[in-house]
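Enquirer: Listed below, chain by chain, are the residues.
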Amino acid sequence: MLRYALKRLLSLTLSLAVASVVIFAVIEVAPGDPASFMLGVNAQADTLAALRAELGLDVSKVERYFNWVGGMLVGDFGTSYTYRTPVSQMIADRLWVSLPLALYALTLSTLIAFPAGIYAAARRGKPGDVAVMGATQLGIAVPNFWFAMMLVLVFAINLRWFNAGGFAGWEDGVWTGLHSLTLPAIALALPQAAILARVMRSALLDILAEDFMRTARAKGLSRRQALWRHGVRNALIPVLTIIGLQFSFLLAGSIIIEQVFYLPGLGRLVFQAISARDLIVVESVVMLLVFAVIMVNFLVDLAYAAVDPRLRSRT
Amino acid sequence: KSDIIIAMQLEPPHLDPTSAAAQAIDSVVYTNIFEGLTRFMGDGSVVPGLAESWEISEDGTVYTFKLRDGVIFHDGTTMDAEDVKFSLDRATAEDSTNAQKALFAGIESVEVVDPLTVQVTLKDPNGNFLFNLAWGDAVIVAPESIENIKTNPVGTGAFTFADWVQGDSITLNRNPDYWGDQPALETATFKFISDPTAAFAAMMAEDVDVFDNFPAPENLPQFEADPRFQVLVGSTEGETILSTNNKQKPFDDILVRQALAHAIDRQAIIDGAMFGYGTPIGTHFAPHNPAYIDLTGNSAYDPEKAKALLAEAGYPDGFATTLHLPPPSYARRGGEIIAAQLAEVGIKAEIINVEWAQWLESVFKGKEFGLTIVSHTEPMDIGIYARPDYYFQYESTDFQALMDTLNSTTDPDERTRLLGEAQRLIATDYVNGYLFQLAKLGVAKAGVQGLWENAPTAAIDLTAISWDE
Amino acid sequence: MNLLQIKNLSLAIHDTPILKRINLSVAAGQIVAVTGESGSGKSMIALAVMQLLPNGAEVDGELRLDGQNLLNRPEAEMCALRGAAIGMVFQEPMTALNPVKTIGDQVMETILIHKAMPPAKARVRAEEVLARVGLPTDRYPMTRYPHELSGGQRQRVVIAMAIALRPRLLIADEPTTALDVTTQAQILDLLKGLVSEYGMGLLMITHDLAVVADMADEIVVMRHGEVVETGVTDHLLRHMQHAYTRMLFEASGHQVNLPVPPEPRPLLEVDNVVRDYRLPRKRLFDAPGHHRAVNQVSFTLNRGERLGLVGESGCGKSTLTRAILGLEEVQNGRISLDGQPVFTGHKPNLAVRRKMQVVFQDPYGSFNPRHRVARLITEPFHLLDTSPTGSERQDRVAEMLTAVGLSPDDASRFIHEFSGGQRQRIAIARALIIRPELILFDEAVSALDVSVRAQILDLLAELCSIYDLTYLFISHDLSVVRTITDRVLVMQDGQIVEQGETEQVFSRPQHPYTRTLIDAAPSLPEIGQGAA
Amino acid sequence: MNRNLILGAALSSLVLLAALVSFVWTPFNHAALDIPAKLQPPNAQHWFGTDHFGRDMFSMIMVGARTSIAVALVAVGIGMVLGIPMGLTAAARKGSWLDEFIMRGNDVVFAFPSLVIAILITAVFGAGAINAIIAIGIFNIPVFARITRGAALSLWEREFILAARVSGKGIARISAEHILPNVANLLIVQGTIQFSLGILAEAGLSYVGLGAQPPTPSWGRMLADAQTMVSFAPHLALIPGVAIIVTVLGLNLLGDGLRDWLDPRIRVARA
Ligand SMILES: Nc1ncnc2c1ncn2[C@@H]1O[C@H](COP(=O)(O)OP(=O)(O)OP(=O)(O)O)[C@@H](O)[C@H]1O
Ligand SMILES: Nc1ncnc2c1ncn2[C@@H]1O[C@H](COP(=O)(O)OP(=O)(O)OP(=O)(O)O)[C@@H](O)[C@H]1O
Ligand SMILES: [Mg+2]
Ligand SMILES: [Mg+2]
Ligand code: NI
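Protein chains in written order, with our numbering: chain E, -5 to 309; chain U, 467 to 935; chain X, 616 to 1147; chain V, 88 to 358.
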């Protein structure tokens, strides 16, 4: 187990190293100069040069890469070109929105998907199954930004149950914060829930066809007992993979939703930073996201072991 | 009610108006946190700011400013002549990062006469100097606070910086020690909503009280019809033009540029892209300026004439070019319409949507473009036509001479005449396609008073705002 | 009164008749064996008793346990009976257990689900049963997971689960098919012991006639969903009424006559061959471990000779095959065919490989389901420098198909259109088409029905006389090896422990392991005399 | 045939038909502006109404289908053309450094936040259909590589592969002749799913202004253009939204139906 974890850790580090080179390379070829973006159309050449020097943009690319990576290793992500604040500080601030939002959406989607998937699997082929599966097909097909637009129209503008967007902050209590994240979380959770419910259902159906389910029934377990005691836990393995993928998607992929609800999250930070050519912010956030995905996958792998003893003893 | 939430589209990158071009900085801090020696009023006039009064020498090169007494910075230090000298020297210094360094290019020296008197010597007389000092880039800063000015601005204005939730909002509080009249508002929050849909939703859901420059003109009729809101339509300093690369073939031919001008239906663009908001212009000058002359007839919509001109220039079948469009909707939507109109006369304009950073790099700096649509929002910026290296690359010795004369002229009537001549010159040279003056579209709750209707500069002057009880 | 009484049981799935008017009974303390060809409906009887039939099944007739009808019982009552009154052991020990639960939990679940006793007592009982099936908890703690046990041990856990509440009736569906001979013998002993000890009724389903003859008190022979014959074991063995029963038993003990091998001239020489598999490191900085699957094996196979290789599952037979074929490199030793090594450097020697062909165990899995027969059997042409084309190619295909008893028209069919026996014939045709000097049969008949197996063995004997075949025949089925080979090698843990003339080795085994193997293999009594 | 397959095929071919017909006929010129006639609700002349420039929505939806299909199709093509050989190679050389290299490389790509990278790509190389295709295509590569490798690995264990090796066939030949045809079903099913995801991705990119550029109509950009006008011209948002939903739904149903239909296990059970 430990060896397994260590081996994974090693390949993980390697992946991160490769990712950092790729990120740096891609971002550095982006046309656009942060200095001239900041100083606008009337800037003079000497002013631009002065600003570039101030931003540390006048050294070679290789040197910049190592400064960047070296800094990250000790937790220093550098200083934003445009905001002039430490990037780590900015990321930390944004994480207070993005992380709860991702978790909220994930919780919602799991809460919807599990019962729906189990219900459909238990009623395979019956009208209940067909209805749930039809609904999930629709859920997958709806673009989430469109859904978000509709949510705002109905619940914020017409019914005025929720704010149309923005983030109330956590200072006024957890509820205020969660309340302002509810619509975005729903918009994000819907397609995810649809996917998860489908995975849950098909994983369960696979398990239901396994011999040990028949064994369980032969012991005298009813259909439902067998499903809950022997089915659900085995079905968790593929479901966990998807949950892991979804979490990383939610952390990074909510750019558009953050845009629709003008939430000060990570996604919008990158978006703004890309248009402002605040390269260091883009690089660091992308790196962080890649790191998060890789870590989440690592954790999911470890979680497998908790679910599946066969993996635990794999030396 | 003494607090207000004001929404704006863009978030300032930082809060130092003297080292960035971003208008969002000025919107938040101009006259609220920072003040200059002179300042703009809502109607565009320049009035005394931190300078109570001034004297100009006979030859127009020495300005002696008398500063207000008892002005203190938010950190408690007094504002005196040393601070003025520091601020101006900082803007003109070798390593200055001032985005409008050209404004100060004429300054020869700044001297402290006594704590409340400063003498500025210019190299040449400059009729615009007081106007230039009113810009946000010329505000007076405190040397003690310069280190952290970007995140913790310390000025002399009626409001102090309180809090910044990055990506979301900035909060300002009333400055009890302000030298002038106390404003009605106690706190003001600036919220950043870039997405036009979100802007509409936020306004409709009454999440915000004011939207400074509402990005979606199509929604204004709804606000007007709704008694909860008021709509303020004013004008800005933004001349929206179809910039043309004057050095690039075939635009180096005046016939082609003239054809271009006649191929464009301004009213259709204003209706289609701006839903009717905006004033047609025929030259690079703001219609609300007294010196403006209406030259729209010079480039009236006439596709047949355009075709004829093209044929005369040797392009009977038209030609292909590029149309670079930056993000604002006036450009993106306007561009779609212009491309369709140009297609009518045979010009195939390939639309290339770019972000600002890219626009600055490839269009503005690299000059790799055929056509582009931009709103030039700097006030009184006809002078850019005297710069042959400016991105549209207009080179006319006549015009340059005209500007030189203008700069050394202080007589208002003569200036008006010269400005008129300049307007006419660029219009008849068809340097660019002149479209419309960008409207300022403000939306506010019905009870809000004292908002600027026009935007002589990017500013949201909080001092005049109050709630109608 | 019989414990289980089945009367006129008919079963249809989606209107396809599966079982037709079945009658059988099991008394307490009695072992009843159901046998018959694959697909005859044996498992369906078991599932009908458990009332765990697949969707769409319609049942008719009587199914009584202790006189009470089981058919159309409410599901809740059936749940109460399953596991408590009727226990069932399924065929596949590898998949019959939930991989994510400990064996203790799974055994205890049977007890707890029926609320037969409080958890503490249930645990004690579970320990008892596990000990009874030969898994004492001091050596095999209840916290083990199924994957930590061998196949035979897993099958015992399944049995423990089934007998935890001492059901009156135990149904075992092919309980040993997946196990090797030695393990099989242990499991069968265990089942016999349980019957005599607890007085259970045992309904055992198997197609292995030797097992049937060895264990059962009564035999039920099935074919096409019908019972063709039933009777007390001894009697039935001696007085078979039905032709099908006779055919079945004869095919099981089928003998063939091989032509006499020619003068010994070495063809394949295997010299001191070692094949190691790398195991993952135990700890991070340890050297990787090794598993020696083939250990210093040496033997010679002469031209025209038929050599057998026996040994229990996992002893390295297939590994050796792959090494001979040059599919995997060996760590030590030399393999050469006709004096030429199969491996030169690190590359297989194609010149040598074209002299060898192989026939695998799985007659379906060894064909690409998307190709037609003609393309399938001509695949080895790839080894030839100039492969025949056009009509010559067609002729070769037709010739080969005829040789293995199929029709040349079959060339354009797909593999799924053939029966198991026909598929194996096609595999042999593929092996023969380039006239190889040597053919390797790796468990080539293990998956086949007894009657089909007999046909294939006949075909082999026939081909031997026509083509002078030389082959290596690998199997764990001793009776088959005994009849189809001249000489035999016995393999244990990667080593050859004994070799010699086939008859010699089988009648006078020298090595103790050989003796264990032969003893463990159930054998058919001499049958057929005195048919009525 | 099953219900999913029929419904899915019907919806997908409807969209495909609209795209094909648009090459020869649309009710109006999709690019012709008619600003006085803007924002008309659906009526007898303009079946789906007109947009904010007075263009005919029905024609735009038809031509937009072309864009969506083209972008998604090419993106899936890129994923397949690069991903499948990678997966086949990795499976054939299981455990080798090449396998490790390919799969870790794919993991890294997979770990990137796709939308962020798509935005970056378009920021670097400019917005446009081609770059949208590349951005979406790149993230299809690991999907196909993984699926192919997974399925191929279990095939390599099969005896007919061993038989082919005994016949002296090399890795490349076996991969092409035996492995690929046997994973084709799986890849087709995955292909339809990636195709529908591609359409969603294109819509998302166009929505943030990074997809196909005007005057080429694109459903995502139509939605983006419409979003500020939902409150007074809801048809502008509803119609492209429904078009996307119908297409994606159709493709997903088709994929599901194909899987059921092509899966031999299920087909045998049904026979
Ligand atoms: N779920 C099912 N649906 C339809 N037919 C089935 C199903 N399961 C089995 N059958 C059919 O029922 C018949 C009897 O099957 P059964 O499993 O009882 O055979 P068997 O005698 O146990 O064979 P084997 O020795 O191969 O296990 C076969 O023809 C089989 O095809
Ligand atoms: N690729 C491999 N890696 C590691 N160990 C292996 C590998 N292949 C086989 N082994 C091990 O080598 C030993 C011999 O395996 P082999 O397949 O040759 O057995 P066999 O005698 O053919 O058994 P069976 O009768 O079950 O087919 C077994 O213990 C097996 O677990
Ligand atoms: Mg069976
Ligand atoms: Mg084997
Ligand atoms: Ni008799």
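Incorrect hints may have been included.
Said to hold, decoys possible - Simulated pairs of lysine-lysine, DSSO-like, Cα-Cα distance not exceeding 27 Å:
| id | chain 1 | residue 1 | chain 2 | residue 2 |
| --- | --- | --- | --- | --- |
| 1 | U | 814 | E | 55 |
| 2 | V | 181 | E | 1 |
| 3 | U | 713 | U | 616 |
| 4 | U | 713 | E | 55 |
| 5 | V | 181 | X | 962 |
| 6 | V | 256 | U | 814 |
| 7 | X | 970 | V | 125 |
| 8 | U | 616 | U | 567 |
| 9 | X | 962 | V | 256 |
Stated by the list, open to error - Footprint (simulated), chain V over chain X, 3 or more residues, beta carbon under 8 Å:
| id | segment |
| --- | --- |
| 10 | 685 to 692 |
| 11 | 829 to 839 |
| 12 | 995 to 1002 |
| 13 | 1018 to 1025 |
Hints were generated in silico from the structure; no laboratory data involved.
Bear in mind that the values here come from a model prediction, so they are computed numbers and not experimental data.
No residue lacks a Cβ here, since even glycine has one placed at the ideal position from N, Cα and C.
Enquirer: Against the structure shown, which of the earlier numbered hints fail to hold, in ascending order?
Expert: 1, 3, 4, 6, 7, 10, 11 and 13
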